[in-house]
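Those sequence lines, one after another, are chains A and B.
Adding 627 to a residue's 1-based position in the first sequence gives its number in the numbering used here.
Adding 200 to a residue's 1-based position in the second sequence gives its number in the numbering used here.
Please note: incorrect hints may appear among the correct ones.
[Stated by the list, open to error] With a Cα cut of at most 20 angstroms, we get these calculated EDC-like pairs of lysine to aspartate or glutamate:
no., chain 1, residue 1, chain 2, residue 2
1, B, LYS255, B, GLU233
2, B, LYS255, B, GLU224
3, A, LYS772, A, GLU753
4, A, LYS772, A, GLU737
5, B, LYS255, B, GLU217
6, B, LYS255, B, GLU274
7, B, LYS255, A, GLU678
8, B, LYS255, A, GLU737
9, B, LYS255, B, GLU279
10, A, LYS772, B, GLU279
11, B, LYS255, A, ASP741
12, B, LYS255, B, GLU208
13, B, LYS255, A, GLU643
Simulated from the structure, these hints should not be mistaken for lab results.
As a plain string of letters, each chain reads:
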Amino acid sequence: MVIVQTERFDVAALTERLQAACVGRAGAYVHFIGTVRDFSPDSGSRSLFLEHYPGMCEREIQSLCAQAAQRWDILDTLVVHRVGELPLGDPIVFVGVASMHRSQAFRACEFLIDALKTRAPFWKRETLADGRTFWVQQQLADARKAAAWDEPAAPHSSHTG
Amino acid sequence: MNGSATIEVLYFARIAEQTGTRAETQALTAPIEAGAWLTALVRRYPGLEPIDRLKIAINQEYAGRAALIHPGDEVALFEPVTGG
Chain A
628 MVIVQTERFD VAALTERLQA ACVGRAGAYV HFIGTVRDFS PDSGSRSLFL EHYPGMCERE
688 IQSLCAQAAQ RWDILDTLVV HRVGELPLGD PIVFVGVASM HRSQAFRACE FLIDALKTRA
748 PFWKRETLAD GRTFWVQQQL ADARKAAAWD EPAAPHSSHT G
Chain B
201 MNGSATIEVL YFARIAEQTG TRAETQALTA PIEAGAWLTA LVRRYPGLEP IDRLKIAINQ
261 EYAGRAALIH PGDEVALFEP VTGG
């Protein structure tokens with residue numbers, strides 16, 4: 628399931644929701660939580676604004692979840708992403724993966740957050756302590772990490788137990 | 201979509217600031233390659249340069265520069281994404 632919302636999410640409630648959907652089937656759950664950090668440590672951040680493309684965002688993340696399910700032996704995924712004005716330290720994104728075995732869940736979860744960062748149409752605008760604003764630029768390292776999942780040497784389910 | 205002679209164009213984030221609008225309807229009577237459409241758009245909005253970094257989505261799916269935009273389509277233009 629994919630949810631885009633402005634409200635702060637409750638991590639415990641999300642993990643329980645994923646577990647409830649996989650009772651008796653899953654043996655491993657991996658959760659990733661991304662939070663608002665300071666993108667310009669020298670100037671001091673005040674907050675982050677997240678804009679998104681409604682509709683395409685959900686479709687794109689759904690498509691990434693389907694890719695993960697094809698690639699690894701996983702049971703379910705839950706992705707929640709926030710938009711709007713977010714203060715420093717607030718959670719931005721939750722990626723939860725349920726699987727029979729941990730290695731599959733770890734890999735699928737890492738793939739999902741890597742792919743989401745370079746595919747899902749969200750944009751961050753940072754407001755500095757002095758009131759100036761700027762749009763955060765995509766990091767080359769993020770683009771490279773996401774692209775690495777498409778390389779032949781990338782971990783697939785056949786390599787894991 | 202049938203009978204339409206326009207496309208709905210959406211701009212996001214910094215691109216919306218550069219064009220001064222978030223959405224506009226443009227006339228389009230025949231299919232056009234996304235790359236050609238973007239080249240024409242930049243003449244109206246020179247601030248969009250350089251355009252190599254820009255992403256285009258047609259009907260909410262990523263599209264390459266050779267993809268065709270048809271009358272009735274929803275076309276979006278944006279910078280590389282920064283979510284997560």
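Are the Cα atoms of LYS255/B and GLU208/B separated by 20 angstroms or less?
Since the Cα atoms of LYS255/B and GLU208/B sit roughly 16 angstroms apart, the hinted pair holds (cutoff 20 angstroms).
Straight-line Cα separation of LYS255/B and GLU279/B no greater than 20 angstroms?
The given pair, whose Cα atoms are some 6 angstroms apart, holds under the 20 angstroms limit.
When you check the alpha-carbon spacing of LYS255/B and ASP741/A, does it fall within 20 angstroms?
Answer holds: LYS255/B to ASP741/A is near 18 angstroms, not above 20 angstroms.
When you check the alpha-carbon spacing of LYS255/B and GLU737/A, does it fall within 20 angstroms?
It is violated: about 24 angstroms lies between the C-alpha atoms, which goes past 20 angstroms.
Please verify whether LYS772/A and GLU279/B have alpha carbons no more than 20 angstroms apart.
holds, 19 angstroms
Decide if the proposed pair is consistent with the structure: LYS255/B and GLU643/A, CA atoms, cutoff 20 angstroms inclusive.
violated, 37 angstroms
20 angstroms limit on alpha-carbon distance, applied to hinted pair LYS772/A and GLU737/A:
holds, 10 angstroms
Decide if the proposed pair is consistent with the structure: LYS255/B and GLU274/B, CA atoms, cutoff 20 angstroms inclusive.
Distance ~14 angstroms between LYS255/B and GLU274/B Cα, so the pair holds.
Pairwise hint evaluation, GLU753/A against LYS772/A, where the allowed Cα distance is 20 angstroms at most:
violated, 23 angstroms
Is LYS255/B within 20 angstroms of GLU224/B, Cα to Cα?
holds, 17 angstroms
Would you mind confirming whether the straight-line C-alpha gap from LYS255/B to GLU217/B stays at or under 20 angstroms?
holds, 16 angstroms
Just to be careful, I want the Cα atoms of LYS255/B and GLU678/A compared with a cutoff of 20 angstroms; is the pair within it?
holds, 16 angstroms
Checked against the numbered hints given earlier, this structure breaks hints 3, 8, 13; the rest are met.
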